[in-house]
Amino acid sequence: MWRHVWLIARLGVRRSLRDRSILIMALVAPIAIAVVVGAAFGGGASVSATIGVANEDRSDISAQIAQSLTNAGGDGIAFATVSEPAQIDALLDAGTYDAVLVLPAGLGDAVLTGDAADLEVVGRAAEPLATSIAQSVAQGVAANLQTARVTAAAATTAGLPDVGAAVQKAVETQSPIAVDQGQVQGTFSVMAYFAPGMAMLFLFFVIGEGARSIVAERREGTLQRILAGPVSPSAVLLGKTAQVMIVGVVSMSVVWLITWLAFGASWGDPLGVFLVIVAAVAAIAGISLFITGIARTENQADALTTMVALLFAILGGTFFYGAAGPLVTMQKFTPNGQALAAFVELSAAQATVVEIAPRILLLLGIGIGMAAVGLLTMRNKVLA
Amino acid sequence: MRTLSTARVEWVRFFRDRIAMFSTIAMPIVVVLLIGLSFGGAGDRLGVGVLAPAPGPLGQQFLSALERSPGLEVTTYADTRDLYRDIRMGLLSGGVEVPPDGQAVRIDVPQTSQDYGPLVAAVNGVVAQVGTRAIAVQVLSAYVPQAKAEQAAAAAEASVPSLEVTTRTVGAVSAMDANRFGSAVPSQLMLFMFLNGLIAAAALVQARELGVFRRTLAAPQGLRVYLGGLGASRFGIAMLQAAILLGLGVLSFRIDLGAPSAWVPLVVVYGVICAAAGMLLGAIVRTPGQAVAVAIPMGIVFGMLGGTMWPLSVVSPVMRAIGHFTPQAWAMDAWNLIINEGSGFATRQMAVLLVYAVVLSVLALWALGRHARTGR
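Just so you know, the sequences run in chain order A and B.
Read in order, the letters of the first sequence correspond to residues 1 to 384 in the numbering used here.
Read in order, the letters of the second sequence correspond to residues 1001 to 1376 in the numbering used here.
It is worth saying that the hints were derived from the structure and are not from the lab.
Some clues are possibly wrong.
Covered by chain A, per the in silico footprint, the following chain B stretches (three or more residues, Cβ under 8 Å) [stated by the list, open to error]:
hint, region
1, 1158-1165
2, 1206-1220
3, 1301-1314
Residues of chain A clear of chain B, computed beta-carbon distances all greater than 10 Å [to be verified]:
hint, residue
4, Arg10
5, Leu11
6, Phe41
7, Ile61
8, Gln64
9, Leu92
10, Arg124
11, Gln181
12, Ile246
13, Ala262
14, Arg296
15, Phe333
16, Ala357
17, Leu361
Just so you know, these numbers come straight off a predicted model, no measurement behind them.
Each residue gets a CB set at the ideal place from its N, CA and C atoms; glycine is no exception.
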């Protein structure tokens, strides 16, 4: 029997390799789409803000603040002195600055007197990010000044002889919280997200067609001829199942190897990646066999496969990178969403095989369960 | 009249096809809803992940100041691995790890990022807010007893009004940014009109396989009427799709589409492009399977390049230039002008789209005519 299974599978695989539409969907499409996304976002999203500092105050304190801010820029944020504070709105409109921090007249005095004073941030409505960053910076400046003000007031209350010296000391004292900076090692390419996601979407079409080919062969009469020989119906079904599994695993592995070796997008631990590929293909094959089994006609199976593929792709996050909200929840309920999560764990979280084992088992479970139901119904219906 | 009755027959065929109905009507609506619900409101603050398993009192103070920071969108993580995963994926600008008091807070930036300055500046702004009283006490206790210093600092902190930061903005938020569905509806419409136009090629190949085109040569009304009807039906489906999606956008999501004198011609010309592209594809490929195999990836790739899945303003100039080989990019530029800038007619974009429409229509009619005459 196993020889028959193998013969049927081998013939099916060979026929798939000759089919240009299968090559386009299983290999060209996912790689092309991943390359386009990689080219668009390969450099990562970049943030850069130029924040103007408009000093309308003439005190030493304000000059110091402005000076320390303009020295503090770098790496995507720049502070520049606004030479004409009267022109702030026009300069923002012209795009010279993304936001402006205004040190108002009387600020220096307010530090010593403790009188109320406001810092102002002027932003462009079209640049909300730069505006909110400028607000954060302004709050920092305000907090530093507040420390000086509180110290001055406390020094006066406590009857210190030299309030100015105490304020100076307060300004020089570091915050009780120190800040270190570290890098998160390891890179991630968006291609390692879109290549497997798209490959799974198109595998639904490729594998679906493979599963339907049993029904097609019955219609064309070849199936009856095969069964007239010494071949058992189980051998035919297993052979077809093996065929779709081989086509799926091989094509997805090729997508993986090309995006990894030719385009440098690492998918993570190779053993883990291979196991997720096998599990994902098993789940997709199981669903396809199930659909073919329950559908009344070939056309209905075709229609259902397309709908399921597109619906799963949308809900599973194939098109949406880094979505929040309801999508994240729905992703968990689709097999491709689970597989995509496993791929992301391997590549971006640098997970080990053991850590993603639950997802692999879940996918295999879906695949085997669905395939069992599908194959049994098909055996009764098609091969009877 | 005959052209219209041919178109009607094609329409009836379309409405019987449940997949076509699904991908034309249901899918775009689902996608627009998902995008609106899942991506709305992002982009005005820096995403930062926080890991603080056991913060001390000072750490708590720092964390609550971090949550209040106007420039930061804080997400709490329980696991370093998950935090680092989202940083590597670029879903976060960086992370902040808060250890027990006395140890330094650590800002994690991605290895690949060259522009973590804004994040560092925002976090430093937060750090400055912690410890006002502690610093005052520290300074004063050099001169007076600790208890007196603490008393004076507490009194001062209560009496000195805090410095406020006020904000005003100039200019206006673009209409597409103001309404979270404002960009989702036009962009998904451009994506799906084209995608469905291409997928329709499969049915056309079927008709070709059955010899429908060749037979029309023998029919009294001839090939011209059949091709006209075919084109009209495809165009009609695109218009139906546009009417439903735009209607949904205007009625349910209150999108202001701008001047009808601008967007109606845009949708009409784009509809012609989609119908013609699908007919051209249907004339070229050999089997219905091939048509689908080409249509779906091509629709997605063109949609990506043309800025229907993300705005072309976020990609490099090279990718933007490449994108403008697709009609989608010109259509999206036109929508930007119409919705965001209130343009009454996007002249340049419409001219380019019109060229696409004419060239694709001529090619499609020529290719199908050739097939009818030669059988190839």
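If you test the structure against every hint from before, which numbers come out violated? 2, 6, 9, 10, 11
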